[in-house]
Amino acid sequence: MDYSSLKSLIEGLLFVSGDEGITVKTIAEVVEMNADVVKDVLRDLQADLKKKKRGIRIAEVAGSFRLTTATEHAPYFEKLAYNPSRSVLSQAALETLSIVAYRQPITRIEIEEIRGVKADRAIHTLVVKDLIEEVGRAEALGRPILYGTTKSFLDYFGLAGIDQLPDPMISENDDEIEEQSRLLFEKIEGRQLSLDDLKALETK
Amino acid sequence: MDYSSLKSLIEGLLFVSGDEGITVKTIAEVVEMNADVVKDVLRDLQADLKKKKRGIRIAEVAGSFRLTTATEHAPYFEKLAYNPSRSVLSQAALETLSIVAYRQPITRIEIEEIRGVKADRAIHTLVVKDLIEEVGRAEALGRPILYGTTKSFLDYFGLAGIDQLPDPMISENDDEIEEQSRLLFEKIEGRQLSLDDLKALETK
Amino acid sequence: MTVLYKLETFEGPLDLLLHLIDKAEIDIQDISISEITDQYIAYLEAMQELVLDVTSEFLVMAATLLAMKSRQLLPKPPVTDEPWLTYEEDDGLDTREELIRKLIEYRKFKAIASELREHEFERSQTYTREPVDLEPFVPDVPQNPVEGLHVDDLVRAFRKALRRVAGRNRITAIQRDEISITDRIRDIATLMRGRADDGDDKLLFSELLGDEVERHEVVVTFLAVLELMKRRWVSCFQNQLFDEIVLTWTGREETYDGLFEPEVPY
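In order, the protein sequences belong to chains G, U and L.
Following my numbering, the numbering of the first sequence begins with 1 at its first residue and continues without gaps.
Following my numbering, the numbering of the second sequence begins with 205 at its first residue and continues without gaps.
Following my numbering, the numbering of the third sequence begins with 409 at its first residue and continues without gaps.
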């Protein structure tokens, strides 16, 4: 891979890694290159973005690199945050809230298992907004906090009770059945069967 | 604000908006500039990123703009453990979805008439995947549910809007198909066609 | 005859029939109706062998085709130039027209579906990320954490506490302990943080006051609470007038390096 391709790829990796960021080690594994080379390219890209006053920058936080905004744009993000087109709750917060609503009581770890990404920020936001609250402690190691929705949550969504939540219509087996039929189809597809084969099947 | 500052700011706004995307209107409001100017800069930035083979690109999905990765990098992102693997829709679901997309609002019975087979499973799958939703009730007996596509539908297929759907009126092919089917069925029916009949068909 | 079948799955009888027509297109002149019907039936049999779901819709189509085939075997009336002498079987014609119409329509959606399949793949090749949390850019929480509650209400609650204090300590020696607001803020914060760590983020205003309440202490505590509210370390609510003020620890104090002096030098 040439230098500029690698730079572009690293930019993409930083982008998809989101707020959690990505370590040089992980990047090196993904691109199958030496960590030192990766680090050099990363530093170069970081300097580039800054020098060209780009709208995105690279920040290093706790050993991981991630994309961030440019500090000089802060006043505009403030305006964006207040823009009526933006929903009050971020997508992450809303999703976390729905998980808590349907699976309560639930621990942070369990929420993260469902979302696949860290949920501490979203949980914090929801607690501050009084939409979820601590409802107890799980019996697991470390006695993690169990979260549930608050009364305000019900008011906010105009629900008489938590049992008034609409049925999410997701049956646990759904995906499984789909997967099984797909596998079956794959087996059948592309297989050239002669009538003799079919007859052989018949006698089985 | 000068041109390059605006470009940088727009990049920042796209970045913070993530997969929710941001409309030209919202950007224009935040930067307090004319929407046409914003759109021009946005298009310019979009072309820039593509031309320079950058790791991030701009896509227009469901009426708003968002940053995405470059398609050529997909194999690398698949290596990352947290990658949300996309499921592939079954053929039944995809056909049902096509019908809903073009004929919305539409009832289950109407879908089944077109497909020639039951569609309840496919509809269920599509509702669960948030690709279609109930948009009302038909005036018919039993007030059957009317289905329409969702915003996620556009996102799933990376379409800028419902008008971006592939054109169903591939008219010349259509006629051809019609002709061929007709001819075939004439044969199936065992009808005897005179040369005149054939000529008449040809000139149509 | 050993016919090679590429066994595919069909979405329904229309799909299967289209497949047969597609094959027929290669050399449409050579297709005979009996062959197509036979192929259709053979497919159904093959599907059954593979325990695939041969639904009633497939069987209905088979019956339709067989009816057409049998009609072919019947002797035909001669074709003449005189239309009124030509025997038309209306039922058969309707069935055929209807089937053609359905096939054309179904084929159209099948084409769209395959185009959408391409879009699906293309889209699956790009990734994006969640929106950035804009909360840090917001100097004020957009929603007032004490919404619906006026400072008047707090003042009234405060007066109530004072009256109660006054009732208990009509005669008291004024012994001024120097409690600074900053100290009181720190005490309240420490107390509430400790409780929050134990899983209880709520506290009653009265719990902040000792058994022997002094006016001075109430004032300082109240001002400290106001200061904490302003900094959004705590949020307060009151069910009704003169009721207890309930403080909730928001956990937002981590965004500050430490205590800073109150704006107003008390």
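Simulated from the structure, these hints should not be mistaken for lab results.
Errors might be hidden in some of the hints.
[Said to hold, decoys possible] Here are some, though not all, of the chain G residues that point toward chain U, as calculated from beta-carbon distances under 8 Å:
no., residue
1, Tyr3
2, Gly12
3, Val31
4, Ser64
5, Leu67
6, Phe77
7, Leu141
8, Ile145
[To be verified] Derived SDA-like pairs (lysine to any residue); straight-line CA-CA distance at most 20 Å:
no., chain 1, residue 1, chain 2, residue 2
9, G, Lys52, U, Ile366
10, U, Lys229, G, Met33
11, U, Lys283, L, Glu530
12, L, Lys518, U, Thr311
13, U, Lys333, U, Lys283
14, L, Lys610, L, Arg623
15, U, Lys283, G, Lys79
16, G, Lys151, L, Cys644
17, G, Lys79, U, Thr311
18, U, Lys283, G, Met33
19, U, Lys256, G, Asp2
20, G, Lys39, G, Asp2
[Unchecked claim] Beta-carbon label-pair distances, calculated as ranges:
no., chain 1, residue 1, chain 2, residue 2, range
21, G, Lys52, L, Arg594, 42 to 48 Å
22, G, Arg137, U, Lys255, 53 to 59 Å
23, L, Gly602, U, Gly340, 53 to 59 Å
24, U, Asp248, G, Tyr156, 55 to 61 Å
25, G, Ser5, U, Leu284, 16 to 22 Å
26, G, Lys52, U, Ala232, 22 to 28 Å
27, U, Val332, L, Glu453, 30 to 36 Å
28, U, Lys255, G, Ala28, 26 to 32 Å
29, U, Asp248, G, Val135, 37 to 43 Å
30, L, Leu612, U, Leu284, 45 to 51 Å
31, G, Lys118, L, Lys431, 42 to 48 Å
32, U, Met205, L, Glu523, 39 to 45 Å
33, G, Ala138, U, Asp371, 36 to 42 Å
34, U, Ile313, G, Arg115, 33 to 39 Å
Source: prediction; values computed, not measured.
Each residue gets a CB set at the ideal place from its N, CA and C atoms; glycine is no exception.
A quick look at each hint next to the structure:
With a least beta-carbon distance of about 12 Å to chain U, the hint placing Tyr3/G at the interface is violated under the 8 Å criterion. The restraint placing Gly12/G at the interface with chain U holds, with a minimum CB-CB distance near 4 Å, inside the 8 Å limit. Taking 8 Å as the C-beta contact cut-off toward chain U, the hint placing Val31/G at the interface holds, the least distance being around 7 Å. With a least beta-carbon distance of about 13 Å to chain U, the hint placing Ser64/G at the interface is violated under the 8 Å criterion.
The beta carbon of Leu67/G comes within 7 Å of a beta carbon in chain U, closer than 8 Å, and the hint placing it at the interface holds. At its closest, the beta carbon of Phe77/G sits 6 Å from a beta carbon of chain U; the interface hint therefore holds under the 8 Å criterion. Taking 8 Å as the C-beta contact cut-off toward chain U, the hint placing Leu141/G at the interface is violated, the least distance being around 24 Å. Interface hint at Ile145/G: violated, since its Cβ lies 24 Å from the closest Cβ of chain U, which is beyond the 8 Å cut-off.
A distance of roughly 37 Å separates the Cα atoms of Lys52/G and Ile366/U; the hinted pair therefore is violated under the 20 Å criterion. With a CA separation close to 43 Å, the supplied pair Lys229/U and Met33/G exceeds the 20 Å bound. Only pairs whose Cα atoms come within 20 Å are accepted, and Lys283/U paired with Glu530/L is accepted, the gap being roughly 18 Å. Restraint check for Lys518/L and Thr311/U: the C-alpha separation of about 19 Å stays at or below 20 Å, so the hint holds.
The hinted pair formed by Lys333/U and Lys283/U fails the criterion: a straight-line CA distance of about 25 Å is larger than 20 Å. A hinted pair counts as satisfied when its Cα atoms are at most 20 Å apart, and Lys610/L with Arg623/L does not qualify at roughly 24 Å. A distance of roughly 37 Å separates the Cα atoms of Lys283/U and Lys79/G; the hinted pair therefore is violated under the 20 Å criterion. With a C-alpha separation of about 16 Å, the suggested pair Lys151/G and Cys644/L falls inside the 20 Å cut-off, and the hint holds.
Between Lys79/G and Thr311/U the CA atoms are separated by roughly 43 Å; this puts the pair beyond 20 Å, and the hint is violated. Of the supplied pair hints, the one linking Lys283/U and Met33/G holds, its CA atoms being roughly 14 Å apart against a limit of 20 Å. With a C-alpha separation of about 14 Å, the suggested pair Lys256/U and Asp2/G falls inside the 20 Å cut-off, and the hint holds. Between Lys39/G and Asp2/G, the direct Cα distance comes to roughly 15 Å. Compliance with the 20 Å bound is thereby established for this hinted pair.
Taken as a hint, the range 42 to 48 Å holds for the pair Lys52/G and Arg594/L, whose Cβ atoms sit roughly 46 Å apart. Range check, Arg137/G to Lys255/U: Cβ separation about 56 Å, and the 53 to 59 Å hint holds. About 55 Å separates the C-beta atoms of Gly602/L and Gly340/U, a value consistent with the hinted range of 53 to 59 Å. For the pair Asp248/U and Tyr156/G, the supplied restraint of 55 to 61 Å is violated, since their beta-carbon distance comes to about 42 Å.
Ser5/G and Leu284/U have their C-beta atoms about 18 Å apart, which keeps the hinted 16 to 22 Å range intact. Distance hint check for Lys52/G and Ala232/U: the Cβ-Cβ separation is about 24 Å, which falls inside the suggested range of 22 to 28 Å. As the Cβ distance of Val332/U to Glu453/L is approximately 35 Å, the hint placing it in 30 to 36 Å holds. A hinted range of 26 to 32 Å for the beta carbons of Lys255/U and Ala28/G is consistent with their spacing of about 28 Å.
For Asp248/U paired with Val135/G, a C-beta distance near 52 Å fails the hint of 37 to 43 Å. Separated by about 49 Å at the C-beta atoms, Leu612/L and Leu284/U satisfy the suggested range of 45 to 51 Å. For the pair Lys118/G and Lys431/L, the supplied restraint of 42 to 48 Å is violated, since their beta-carbon distance comes to about 54 Å. Separated by about 42 Å at the C-beta atoms, Met205/U and Glu523/L satisfy the suggested range of 39 to 45 Å.
Checking the proposed 36 to 42 Å range against Ala138/G and Asp371/U shows it is violated: the Cβ atoms sit about 55 Å from each other. Here the CB-CB span from Ile313/U to Arg115/G is close to 38 Å, well matched to the stated 33 to 39 Å.
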